[in-house]
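Line by line, the protein sequences give chains A and B. Be aware that the first sequence starts at 742, since it is given in my numbering, and climbs by one per residue. Be aware that the second sequence starts at 742, since it is given in my numbering, and climbs by one per residue.
No lab work stands behind these hints: they were computed from the structure. Please note that the accuracy of each hint is not assured.
The list treats identical chains as one, so a pair stands whether inside a single copy or across any two.
[As the list claims (entries may be wrong)] Once the Cα atoms are required to be at most 30 Å apart in a straight line, the calculated DSBU-like pairs of lysine-lysine come out as:
#: 1; residue 1: K751; residue 2: K873
#: 2; residue 1: K751; residue 2: K877
#: 3; residue 1: K873; residue 2: K968
#: 4; residue 1: K749; residue 2: K982
#: 5; residue 1: K968; residue 2: K751
#: 6; residue 1: K967; residue 2: K873
#: 7; residue 1: K781; residue 2: K749
#: 8; residue 1: K840; residue 2: K970
#: 9; residue 1: K970; residue 2: K751
There are 2 protein chains.
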Amino acid sequence: MDRLSFWKEKIENRLRELFTPQEPRELFEAMSYYLFQPGKRIRPLVTVAVANALGGSQEDAITVGCAIEMVHNYSLIHDDLPAMDNDDFRRGLPSCHRKYGEALAILAGDALLTYAFEVLSRDGVFEELSPKEIIKVMNVIAVKSGISGMVGGQALDVGEETDLELVNRKKTASLFEACFMCGGLVSHREELLNELEEVGGEFGLLFQLTDDILDRDGFYTLLGEKKAKDKAENIYTHLLKRLKELLPRETEEIEALVEMVYNRIT
Amino acid sequence: MDRLSFWKEKIENRLRELFTPQEPRELFEAMSYYLFQPGKRIRPLVTVAVANALGGSQEDAITVGCAIEMVHNYSLIHDDLPAMDNDDFRRGLPSCHRKYGEALAILAGDALLTYAFEVLSRDGVFEELSPKEIIKVMNVIAVKSGISGMVGGQALDVGEETDLELVNRKKTASLFEACFMCGGLVSHREELLNELEEVGGEFGLLFQLTDDILDRDGFYTLLGEKKAKDKAENIYTHLLKRLKELLPRETEEIEALVEMVYNRIT
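This is chain A alone, in the form it adopts within the complex (with noise of 0.2 Å):
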């Protein structure tokens, strides 16, 4: 087994610990219905392998990780609200509201959203952070996923704004720059907080490149495939240049998940 296997185990393990059922029945199965499909689970992963690349604890970058997905899977399950994509199917199965009902999906997303800091803010859910480091990591994901990153970016999509590159920064690479400033974080590198958040940004612009050449979409139809293709080059040659000089130890992971983000469109 590779060593991103080993650690997405890891993490589906530590999603199951983290999630235990409750009531309301029916609410707990919205919200884990996403959470639970198979995933790349590559928000998490890059939070362990930027950890990993820093000698921070691995088992609490897990459990940052296992945060920054439910916040993602919220994000997906009222992206897909008739009001918003209207997307009646994701990966291949009913989306959350056509399964669940509108009125249900939109609280399952709530309820994942607020449960990603219900767990963050759990007493002894960490091994390695101090109480301000636990702090500061709420503070990065709540910035990340808030009206400044994630939740701005979607407005600003509903707005049809037209700086293409703008929204796709707030709205997809904002919470991987999350993840590579909490990886930071649970290695107890707050200096380095600023140089991981811009590699987190192009991290995320790569990811979102290269899905939308494969979906043929956003960037695709904007630049053709070809400036697409030459910017994800560009994204990616500069991107790695960058995390070998960032980055002290260890970066075999965090270049295999760039790798694998950007050997998609190869």
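Use these hints to put chain B onto chain A, whose structure you have.
Relative to chain A, chain B alone:
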């Protein structure tokens, strides 16, 4: 000016300070729309009143109360949505989704909930609270507003749960439990949390009962006017007794809030 008006003005000012204009502008306006309509601010007032009765930090109580007010207002935005209560008006004005569209109303609720946690985790926002106490405050608010609290109650309501008291204990009373518990936390009295939770639940139930009697809805419909008023009187009497036992000093403010709620139906 009476004491409650004095605190209410402080709460209004703090809300304005904490909630500074941000981009995207339209999302910020949708987030602000309910939050800055004239309201009772009863949740932050309760938080401050409990802190005063326990000798806690008034400034910190105001800040926590403002975060709870944000959570309350996000829930109003989502409650009004077509898939939920489908309300076109609130306080005589168009509801948030009628004014800003359904997509932006969903996102405004999401961003407002996230913003509450952003404020609570912001560097230097508290004067006296220790990092551990800040984390506990966030945990109480997350638990009481998530699946085991407010959102859980809304899901029961949507699912047509027939136990009206259970629905209202979660949907309405949970957030008042959080107010009482956080009033205790800003007073460094964690050992009182269970008892504060209990009286907070009674306060919340009294609030919902009197609301229902005024609106001829809920408990009024279920029990009839006489039984609903008797139930309210019983809770009112018991609550005042418990508050006197539990809180050592300056209980005038919290008692005035209980009177204010109860007197609406007398």
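Hint check results:
1. K751 - K873: both (26 Å within a copy, 28 Å between copies)
2. K751 - K877: Answer is both; intra-copy 24 Å and inter-copy 27 Å each pass.
3. K873 - K968: For K873 and K968, the Cα distance exceeds 30 Å both inside one copy (44 Å) and across copies (50 Å).
4. K749 - K982: within (25 Å within a copy, 54 Å between copies)
5. K968 - K751: neither (38 Å within a copy, 55 Å between copies)
6. K967 - K873: neither (47 Å within a copy, 52 Å between copies)
7. K781 - K749: Classified as within: same-chain Cα gap 8 Å, cross-chain 49 Å, threshold 30 Å.
8. K840 - K970: neither (37 Å within a copy, 41 Å between copies)
9. K970 - K751: Classified as neither: same-chain Cα gap 33 Å, cross-chain 55 Å, threshold 30 Å.
When held up to the earlier numbered hints, the structure conflicts with 3, 5, 6, 8 and 9 and fits the remainder.
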